[in-house]
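Asker: If you're matching them up, the sequences are chains Y and C in order. So the first sequence is residues 15 to 468, counted in the numbering used here. So the second sequence is residues 15 to 468, counted in the numbering used here.
One or more hints might be untrue.
Identical chains blur together in the list; that is why a pair holds if it fits in one copy or across any two.
Unchecked claim - Calculated pairs, DSSO-like style, for lysine-lysine (alpha carbon to alpha carbon, straight line, at most 27 Å):
| no. | residue 1 | residue 2 |
| --- | --- | --- |
| 1 | K332 | K213 |
| 2 | K245 | K332 |
| 3 | K447 | K265 |
| 4 | K397 | K332 |
| 5 | K265 | K247 |
| 6 | K447 | K250 |
| 7 | K447 | K192 |
To be clear, the hints were calculated from the coordinates, so they are not data collected in a lab.
Protein chains: 2
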Amino acid sequence: MATIVFCSVNKTARTTARRCLSSYSKGLASSGESPLSCTHSSLTTLLPSTRWFSRGSSVRFMSHGTAGRAGAGRTRRGALLSGAAAVTAAAAVAGFLANANHFQRAEMATKVSPISEEKEPEGEILERCRGFMSPPVTDIGELQERKGEMRTRMEMLIMQTQADFCKALEVVDGGTFKVDRWQRNEGGGGISCVMQDGKVFEKAGVNVSVVFGYLTEEAAKQMRSRGKVLKGKDGKLPFCAMGVSSVIHPKNPHIPTVHFNYRYFEIEEEDGSKQWWFGGGTDLTPVYINKEDAFHFHNTLKEACDKHHSQYYPDFKKWCDRYFYIQHRGETRGIGGIFFDDLDSPSQEEAFSFVKSCARTVVHCYLPIVYKHLNDSFTEEEKDWQQVRRGRYVEFNLVYDRGVKFGLATPGSRIESILMSLPLSARWEYMHKPAKGTLEAEMLEALRNPKEWV
Amino acid sequence: MATIVFCSVNKTARTTARRCLSSYSKGLASSGESPLSCTHSSLTTLLPSTRWFSRGSSVRFMSHGTAGRAGAGRTRRGALLSGAAAVTAAAAVAGFLANANHFQRAEMATKVSPISEEKEPEGEILERCRGFMSPPVTDIGELQERKGEMRTRMEMLIMQTQADFCKALEVVDGGTFKVDRWQRNEGGGGISCVMQDGKVFEKAGVNVSVVFGYLTEEAAKQMRSRGKVLKGKDGKLPFCAMGVSSVIHPKNPHIPTVHFNYRYFEIEEEDGSKQWWFGGGTDLTPVYINKEDAFHFHNTLKEACDKHHSQYYPDFKKWCDRYFYIQHRGETRGIGGIFFDDLDSPSQEEAFSFVKSCARTVVHCYLPIVYKHLNDSFTEEEKDWQQVRRGRYVEFNLVYDRGVKFGLATPGSRIESILMSLPLSARWEYMHKPAKGTLEAEMLEALRNPKEWV
Chain Y
15 MATIVFCSVN KTARTTARRC LSSYSKGLAS SGESPLSCTH SSLTTLLPST
65 RWFSRGSSVR FMSHGTAGRA GAGRTRRGAL LSGAAAVTAA AAVAGFLANA
115 NHFQRAEMAT KVSPISEEKE PEGEILERCR GFMSPPVTDI GELQERKGEM
165 RTRMEMLIMQ TQADFCKALE VVDGGTFKVD RWQRNEGGGG ISCVMQDGKV
215 FEKAGVNVSV VFGYLTEEAA KQMRSRGKVL KGKDGKLPFC AMGVSSVIHP
265 KNPHIPTVHF NYRYFEIEEE DGSKQWWFGG GTDLTPVYIN KEDAFHFHNT
315 LKEACDKHHS QYYPDFKKWC DRYFYIQHRG ETRGIGGIFF DDLDSPSQEE
365 AFSFVKSCAR TVVHCYLPIV YKHLNDSFTE EEKDWQQVRR GRYVEFNLVY
415 DRGVKFGLAT PGSRIESILM SLPLSARWEY MHKPAKGTLE AEMLEALRNP
465 KEWV
Chain C
15 MATIVFCSVN KTARTTARRC LSSYSKGLAS SGESPLSCTH SSLTTLLPST
65 RWFSRGSSVR FMSHGTAGRA GAGRTRRGAL LSGAAAVTAA AAVAGFLANA
115 NHFQRAEMAT KVSPISEEKE PEGEILERCR GFMSPPVTDI GELQERKGEM
165 RTRMEMLIMQ TQADFCKALE VVDGGTFKVD RWQRNEGGGG ISCVMQDGKV
215 FEKAGVNVSV VFGYLTEEAA KQMRSRGKVL KGKDGKLPFC AMGVSSVIHP
265 KNPHIPTVHF NYRYFEIEEE DGSKQWWFGG GTDLTPVYIN KEDAFHFHNT
315 LKEACDKHHS QYYPDFKKWC DRYFYIQHRG ETRGIGGIFF DDLDSPSQEE
365 AFSFVKSCAR TVVHCYLPIV YKHLNDSFTE EEKDWQQVRR GRYVEFNLVY
415 DRGVKFGLAT PGSRIESILM SLPLSARWEY MHKPAKGTLE AEMLEALRNP
465 KEWV
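Please model the entire structure based on the sequences and the hints provided.
Answerer: Take a look at the structure:
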């Protein structure tokens, strides 16, 4: 499931950029705090929070006086790094270029930023926003006004997840994300971050969307078919939906593709009460089986799940294998991970806390695997097999993925954000069948008979 | 719409091959005619009819005493050519290799075999079968017994179309088709001919399927929703469906992709009477607009249509533009052609005659365009644009194509035959947008606003 809802950009990027920059300035002015302070403690500490400008993007954000200060007299790469954190990041990039062993650096990169489980610093919305890839979709002033509400906390979480993941990928790749903001006529919008044809990543997309308005009859029908009892006022059902969604396709066939998506849905009923639920998951699609990677990935997810409920990992692991299933091929898309939907228990606080743990673990699930295989050599045949598997990825996404299907069927969707999940290139070979006993056959076997990796 | 129904291969190719070969021998024995005679008069006269062996295929047919005779002491290429016809074909291949001008050869290749509108030689089933890529799906003896019936005449037509098209493509490419026979548990089967990574063609697929049995409740429901009134006996509706379907993706971005599909459906009702209808179409998907090609393609179709009804071309051209529409992109898949369905008037004879004209014109629609651009030089950028357009082709086929959707949703479908329509490779670039005034922008403009080419 890629992302909740994607909608059309009816204004030019430039107009949107101006509006958002003005929202941001308004937020800055109302907070009275210094735009330079930065206190959040995730992997983004590797990078300066002052980076609301998208190099090579059609949308450029220059935060007042700070981007200039940080950027003046520095190289593009230099501008991305500051203080002690730069040492680790620069080492990672330099090491990549020098073809060094990456196991140790992978450890460093992920140990620098332990998963912090403290409560999000609700009072510091503005400062946290400064670490994002772009100003949030919702006006910062509005976020500050309703900072205790779940939709604010979730929007902050998805923006933070996008920033953490993008920055971690930029460090390992050396490239930069193109940041596109888009707006939805009926309410809300999104921020799409895409890096294409980088050194390490063939195509990396990390999207956020925050949309609201009234549920269409079709959407309400779809939800009722999933067991939701929805009582609207005069037939109207105000809703708010948001999520972060990412698909990363690396170049090296020994680095797996990863996908994650965490989302929140809220519907206001006739009597003013709210129905809400969370959904999401993280799953891995390798081209070759590497048991150590599979263990690391699943175990990292399991640890995040176990802190909340011992049934979460086993249940959501099964759900993942069921969901990412290419029916017509009789095989799963990848080696799974976790997947869940309609999570509305035991309490909103606990469900959010679980989603937060999941979202905060995406970097730790994936980056060590990337670093580990960064310099693995590969043959043309291995690259071909990767392309064939990419074809299967396209098949799943276009034929089965609920999010993609829903998005494509919604008039005025932002197609480029939905289809950023597709690889840069893919291949369909007639009657492709790996020979018995090969690593390719081993991969297929794992896709046909999902395994327990932990 | 790719093909009607595709089903599972539950026997190994070898077993199936043996069975079919035995059917064929039975047919030969019962006919009492010489397996060497060959009288049909289409483009297949360019090539010998003695070729029921698939080089590089998992299924091999050697017709008794003839393949040996033809093949002994000849090269692989030599075995494909005989008599005067070989001159034209060999010239085409040699010319291709010598990088000569192909306009003249295109003329030759297509003028050698004018579209013959004579009645199909009903009495010569066995001889006609010998020109096919493989024995027909239905036992030849059975075809001879019911040679006047529409399903026999249609099966002969689709087999002939497959053979004509495959052979014409083999001549221009120099490669050979892999011929796979598959069988359907519930009745019938198919013959898939695929040439992959040839000199001229990236991927070329020409499939035939002939299936029968009882309509599933789902299929009957789908047909009723299309306005069909179906009265079954004890709820059972015996049906027979068949078609030929082809998608050709060339390597050179100046040679367009072509697709055609011609099909026949027959349902037996409670009182023993039959409902029947035809469907089909031929459409072109160029990477760059070439008005001369577009005119040739559409005009050839128009000429075939006009012989039957002056409204066929204008109506079916519009239908084609409507059908091959990528809704979420707001663009057609290609520059169209003709498309029709549920054709059950003015009479079965006349409808069949029209379908025959369409099927017989596929070589003439496409091959001259192939020859014309065979040696066009192209840049890396042009190849990239082709790959992006291939991505759109995949989107249409997986998201919208009724035949593909129906096939993928049918348990036990023969997936490889359905998905042979996908290109060998495709590309998705985020926010790809051709610059104004470029040839790529001109192409997009024609896809967004379908034109009249004739």
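Asker: All hints are to be evaluated individually against the structure, with a verdict given for each.
Answerer: Hints, one by one, checked against the model:
1. K332 with K213: Classified as neither: same-chain Cα gap 34 Å, cross-chain 46 Å, threshold 27 Å.
2. K245 with K332: Neither: 32 Å inside a copy, 44 Å across copies.
3. K447 with K265: both (22 Å within a copy, 23 Å between copies)
4. K397 with K332: Classified as neither: same-chain Cα gap 30 Å, cross-chain 42 Å, threshold 27 Å.
5. K265 with K247: neither (51 Å within a copy, 58 Å between copies)
6. K447 with K250: For K447 and K250, the Cα distance exceeds 27 Å both inside one copy (52 Å) and across copies (38 Å).
7. K447 with K192: between (38 Å within a copy, 15 Å between copies)
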